Amino acid sequence: MIRLEAEPFDAGVELASFAASAPGAGAIASFVGLVRCESGGRDVSGLELQHYPGLTEKTLAAIAADARARFELTSLVIVHRYGAMEPGEPIVFVAAAAAHRRAAFDAVDYMMDLLKTEAAFWKREHGPQGPRWIEARAADLDDRARWG
Amino acid sequence: MIRLEAEPFDAGVELASFAASAPGAGAIASFVGLVRCESGGRDVSGLELQHYPGLTEKTLAAIAADARARFELTSLVIVHRYGAMEPGEPIVFVAAAAAHRRAAFDAVDYMMDLLKTEAAFWKREHGPQGPRWIEARAADLDDRARWG
Amino acid sequence: MATIHFLGRLQDAVGTSALTVALPGGVRDAESLRAWLGRDHPALREPSVRIAVNSSLHPGNAPLAEGDEIAFLPPMSGG
Amino acid sequence: MATIHFLGRLQDAVGTSALTVALPGGVRDAESLRAWLGRDHPALREPSVRIAVNSSLHPGNAPLAEGDEIAFLPPMSGG
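Chains as they are written, first to last, in our numbering: chain A, 518 to 665; chain B, 518 to 665; chain C, 21 to 99; chain D, 21 to 99.
Next up, chain A with everything else stripped away, as it sits in the complex (with noise of 0.2 Å):
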């Protein structure tokens, strides 16, 4: 399940809900990413993230299905927020369920690696020294690159 978002989201709620449509899982790994209030070195207001309607569903959709035929996974799901976020508001939320742990963590990692680097958003922070606009660091390319 993929859901993209102009509205904060409740990360908690999310993983109840996804919870309850993984019967017979024996493993939920997930993971929560939220806007920092520091960002190298710099003061952060808040966090916009472009995104591309069309194009955008499609790049999640992809990752979803990698990882669908790479873990052996129950159920997953991806709710991403575009827009603009104040600092503590949740961006992402990903989970996975599967019968063991493995699985489940795998594919949690990998589907964060893959939004990373290859999910269509454009990310601008904002602060007291003005927006900029920031790609992927290169922890992020190096995790990605792991996975072959």
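Since the hints were derived computationally from the structure, they do not count as laboratory data. Bear in mind the structure is a predicted one, so any value in this text is a computation, not a measurement. Treat each hint with caution, since some may be false.
[What the hints assert, rightly or not] Partner residues aside, some chain D positions facing chain B, computed with beta carbon under 10 Å:
| # | residue |
| --- | --- |
| 1 | 75 |
| 2 | 89 |
| 3 | 99 |
A virtual CB, placed ideally from N, CA and C, is assigned to each residue, including glycine.
Once you've looked at the hints, dock chains B, C and D against the given chain A.
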């Protein structure tokens, strides 16, 4: 934060309350372990987790302290059930918050590996073929060995 | 006519988030569009900038047709 | 007197989850207790079975004193 629970808990509520108590984090990884209705080809009607009051708390505290020392976390939580559980009920909820996702992922992975092998619980599965005590799987011991 | 979107930092580099333009006769594919717009906006020529046509990413050089929606995309970063 | 708990499958092997016993004079540490009880209950002699004294796991062989709470623990498995 560590809690031993005799009654079922809601993983979504746990995640929401953990996230609310983790200001400044950019990443929250979490894991929910649930009772499966099948185990090693046998039907499971219930799972019983025996604990040893006094020692169990100490082993959980040691696992949390190990994770805090090993990874750069802003906070972590372990919620663990004991007693009788039915299929679909959560057994354990673990979450870790950090500035960046790698530390959060690794900490949850690490804590689960330690919980599977070093937390003072003993599991008995119930089902049509009668009760049986189950111990850590070979895969759990291998996973534990990854961390040295 | 074609609509051309500029995402992320490219909208700063080009000075707008979208243009509607008549494509010159010689611009019949994504890479020749890149070369044409890239004369005024060198950021579009960076190898990391990809071109989507009608909300799809094509491997290689995509042909362009009247009415297409085209987008110049700097490296993506979600999550 | 000492209280001795048997956890997990050891309670099936011994036939009870706890005993209160007077320790014989020669049983002054955890390993001699293991040897003494192990004559009747060989499962207690398995190397993977650990012994807690007063809810703590000690490296090596722990001394025992009057009133101690002792527990025989098969391999643990939470999560």
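Flag every earlier hint the structure violates by its number, smallest first. Hints that this structure does not satisfy do not exist here, as all of them hold.
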